[in-house]
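Q: Residues per chain, in single letters:
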Amino acid sequence: MSEARERILAGIRSSLNRGRLDPKTEAELRARVAAHRRNLVPARATALDQRDRVELFITMAEEVQTTVSRAASPAAVPEAVARYLAAENLPAELVMAPDPSLDAIPWEARPLLRIRRGRAEAEDKVSLTPCHAAIAETGTLLLASGPQTPTTLNFLPDTHIVVVRGDQVVATYEDGLDRLRAAAGSEALPRVINFITGPSRTADIEQHIELGAHGPRRLHIVLVEDGQATRSVEYDEQRSAPVE
Amino acid sequence: MLATSRTFVANARAGLANENLQHALGLARTGFPLRRRLAIERLPEFEALRENGRSIKDHTLEHLDFYLELYESQVVASGGKVHWARTPQEACAAVLQICRSVGAKTVTKGKSMIAEEVGLNEFLEANGITPVETDLGEYIIQLRHEPPSHIIAPAIHLIKEQVAETFRAEHRSFDPDRSLAEPRQMCDEARAVLRPRFLAADVGITGANFLVAETGSSIIVTNEGNGDLTQTLPRVHIVMTSLEKLVPNLEDAATLLRLLARSATGQEFSAYTTISTGPRRPGDLDGPEQYHVVLLDNGRSELIGTEFQDMLRCIRCSACINHCPVYAAVGGHTYGWVYPGPMGAVLTPILIGIEEAGHLPNASTFCGRCESVCPVKIPLPKMMRHWREREHAKKLSPPVYRTGLSLWAWVARRPALYHALAGIASRVLGWAGRDHGRFRSLPLATGWTAVRDMPAPEGRSFHSLWAERRK
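From first to last, the protein sequence lines stand for chains V and L.
Each step along the first sequence adds one to the number in the working numbering, with nothing skipped, and position 38 is 38.
Counting the second sequence from 1 gives a position; the working numbering is that position plus 1000.
Don't read these hints as lab results, they were simulated from the structure.
A hint or two may mislead.
[Said to hold, decoys possible] Chain V is nowhere near these chain L residues, computed Cβ spacing over 10 angstroms in every case: (1) A1003; (2) R1316; (3) A1425; (4) S1441; (5) A1456.
[Claimed, not checked] Taking lysine to aspartate or glutamate pairs in the DMTMM-like style, the calculated list, with each CA pair at most 20 angstroms apart, reads: (6) K1377/L x E1041/L; (7) K125/V x D1286/L; (8) K1160/L x E206/V; (9) K1160/L x E1189/L; (10) K1081/L x E3/V; (11) K1160/L x E1182/L; (12) K1394/L x E1356/L; (13) K24/V x E1062/L; (14) K1160/L x E1019/L; (15) K125/V x D1188/L; (16) K1382/L x E1051/L; (17) K1395/L x E1355/L; (18) K1105/L x D1202/L; (19) K1105/L x E1289/L; (20) K1394/L x E1307/L; (21) K125/V x D158/V; (22) K1395/L x E1356/L; (23) K24/V x E1069/L; (24) K1081/L x E6/V; (25) K1081/L x E1069/L; (26) K125/V x E93/V; (27) K1377/L x D1058/L; (28) K1382/L x E1302/L; (29) K125/V x E1189/L.
No residue lacks a Cβ here, since even glycine has one placed at the ideal position from N, Cα and C.
Next comes chain V alone, as it looks inside the complex (with noise of 0.2 angstroms):
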């Protein structure tokens, strides 16, 4: 071990006027952390119903320039991202997760969408990811790396495009990582936990907020209903309207 860490180790115990903890102490230590219990969650989430909390993601995800669609099944979402890609002058071509959720998704419905799978590489235009969790007190996606979802998806092509389940909408940060921990099982959780809300920005030159800094310059997101009792009236028809 080095000589430093015994240092600053034996310096933060002399400072503490104590010396190492007693085993007592430490397995107490263990338990508060593996318990995983939650400090104060804001309500604003929790105390929705499922249908409520969907509408609360979308409307916090767009006041931070998420742009979201509606598909009514999965089967709707080839023409939602096609859609999506005209309506924003974006050739329809994009590299997508090699996810099993999104090879079950019936892409040949659209032949002229042409799509890689893999990792982005850096002449992508335009990606298309699944998410783990989508969490309703922020708008914010939680997406977790894994062989099947490489990281550099969310980050080097302009536009990121992101299929949620109706479902996967959660509460809160905390149920975000019970959910992931359920994945997990008895395995680590994923390398690399990516919360995002909103596209890539800045304010480093006189606060003036600008889109695309370096990350995405739009996130999409394709919402799929799937049976889920949303409401689909209220949203601007061109933006947001469902997809049959």
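With chain V fixed as given, assemble chain L onto it according to the hints.
A: Showing chain L alone in chain V's frame:
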């Protein structure tokens, strides 16, 4: 970084006379506090969360040795390595050794105040490695060879015309007749210049907002996405951080994250909050092959148990800076080192000595806004007062101040004498100022009257009115 804190007074004069700086500070003065207030009004639990935040940090500091060991064991378990550094020199040496081990020529950097604290860029350059700052603000000031003037908005002292001028001078391959009138254009240009740098770098260095003992993770909070490109694309990721960034588990991190963005920029949540644990795993298509943490102490561990321990709760949100009337008037460079504003006034003497930074804790009106907005309730004015006491005890302040203070203290400890003298002074001044009701100049008070009038005392003293009421 060479400190210029000793010349605070001259720095402040220069800052007050700098029109560009004053324009830039004017934008910040209103923007940050307004956005913070609006964000907090939307979250009724904010006050209670501050209390949570404080107790999480206090709990961690009370058991810091345990949590550091747990953290390190988890970093190792996930395939990473922790390099402990007592001093800036040890931290720089650790980074250099890692860079050399992979033959690195260029490193990209996300914003890290610890890297500023240890003077990493100068050190790497002196050793033949090119550091490239990627945060837009940091990139701008790197081109201008300036230190940051704010801990989250390093180029906040500049106006857009100055940025345009810098880009014209440094980005030679672009059309010299291009327009750089708008922030949008400069932002796009920086993006175009930096993208190939991200892709070519051998090593990526980021800071950390939090370290998580439970999982051995580092957490960065950014808006631009530069930190994520920095830590995802190169073969090696180095986290430059300090040991008080630790929290026990992810639930604790979640609570502090709710406080951080709202206190800093008034955002509900920053665009990117990223939790990273170790290097690339089997089957991963991207991510670094090596993950290193350089963990700096630099005197922090010695603060535990002292009157400055509370400072170790600081989460570097900058709310105290954004609400400080002194910072808003003179700007960050006036403070002369890495950390400006109220948090800098407490932290800088700890890190470079009160001999060097004595002016900083004196540059406060003690209005208390810093403490009232601090998300982890650090009693900043109280700690500035501790520094003033230490400065006085070490006889570092000018002799005339110390003599004056001692004289005043001697009188103030004798209430009868104090009231008698105060009564005489107030009657004399009241008589002398009877015509105008104010003084344009007063002997022994030129420091006051040089910039404002001194009102003449009127009527009776508070003490005599109070005594009469109590009868």
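Q: Decide, hint by hint, whether the structure agrees.
A: Structure-based check of all given hints:
No Cβ of chain V comes within 10 angstroms of the Cβ of A1003/L; the nearest lies about 24 angstroms off, and the non-interface call holds. Look at R1316/L: its CB is around 17 angstroms from the nearest CB on chain V, clear of 10 angstroms, so calling it non-interface holds up. A cut-off of 10 angstroms between C-beta atoms confirms that A1425/L is not in contact with chain V; the least separation is 47 angstroms. S1441/L, annotated as away from the interface, keeps every beta carbon of chain V farther than 10 angstroms; the closest lies near 40 angstroms.
Residue-level check passed: A1456/L sits 43 angstroms from the nearest beta carbon of chain V, beyond 10 angstroms. At roughly 18 angstroms between alpha-carbon atoms, K1377/L and E1041/L fall within 20 angstroms of each other, so this suggested pair holds. About 18 angstroms separates the Cα atoms of K125/V and D1286/L, which keeps this hinted pair within 20 angstroms; it holds. With a C-alpha separation of about 6 angstroms, the suggested pair K1160/L and E206/V falls inside the 20 angstroms cut-off, and the hint holds.
Taken as a hint, the K1160/L and E1189/L pair is honoured in the structure, with Cα atoms around 14 angstroms apart against an allowance of 20 angstroms. Taking the CA atoms of K1081/L and E3/V, the gap is near 15 angstroms; set against the 20 angstroms cutoff, the hint holds. Distance restraint check for K1160/L and E1182/L: the Cα-Cα separation of roughly 8 angstroms lies within the 20 angstroms cut-off, and the hinted pair is therefore satisfied. Between the alpha carbons of K1394/L and E1356/L the distance comes to roughly 13 angstroms, so the proposed pair stays at or under 20 angstroms and holds.
For the hint linking K24/V to E1062/L, the alpha-carbon distance of about 16 angstroms falls within 20 angstroms, and the restraint holds. This hinted pair checks out: K1160/L and E1019/L have alpha carbons roughly 13 angstroms apart, not beyond 20 angstroms. Taken as a hint, the K125/V and D1188/L pair is honoured in the structure, with Cα atoms around 16 angstroms apart against an allowance of 20 angstroms. Our distance criterion of 20 angstroms between C-alpha atoms is met by K1382/L and E1051/L, whose separation comes to about 18 angstroms.
Restraint check: the Cα-Cα separation between K1395/L and E1355/L comes to about 10 angstroms, which is no more than 20 angstroms; the hinted pair holds. Simply put, K1105/L and D1202/L have alpha-carbon atoms about 7 angstroms apart, close enough for the 20 angstroms limit, and the pair holds. At most 20 angstroms may separate the alpha-carbon atoms for a hinted pair to count; K1105/L and E1289/L meet this at roughly 17 angstroms. Our distance criterion of 20 angstroms between C-alpha atoms is met by K1394/L and E1307/L, whose separation comes to about 17 angstroms.
Pair hint K125/V plus D158/V holds up; C-alpha atoms about 5 angstroms apart against a cutoff of 20 angstroms. With a C-alpha separation of about 13 angstroms, the suggested pair K1395/L and E1356/L falls inside the 20 angstroms cut-off, and the hint holds. Our distance criterion of 20 angstroms between C-alpha atoms is met by K24/V and E1069/L, whose separation comes to about 16 angstroms. A distance of roughly 16 angstroms separates the Cα atoms of K1081/L and E6/V; the hinted pair therefore holds under the 20 angstroms criterion.
Pair hint K1081/L plus E1069/L holds up; C-alpha atoms about 13 angstroms apart against a cutoff of 20 angstroms. Annotation: proposed proximity of K125/V to E93/V holds, straight-line Cα distance about 8 angstroms (limit 20 angstroms). A threshold of 20 angstroms between alpha carbons decides the hint, and for K1377/L with D1058/L the separation of about 11 angstroms falls inside it, so the pair holds. A distance of roughly 19 angstroms separates the Cα atoms of K1382/L and E1302/L; the hinted pair therefore holds under the 20 angstroms criterion.
Between K125/V and E1189/L, the direct Cα distance comes to roughly 18 angstroms. Compliance with the 20 angstroms bound is thereby established for this hinted pair.
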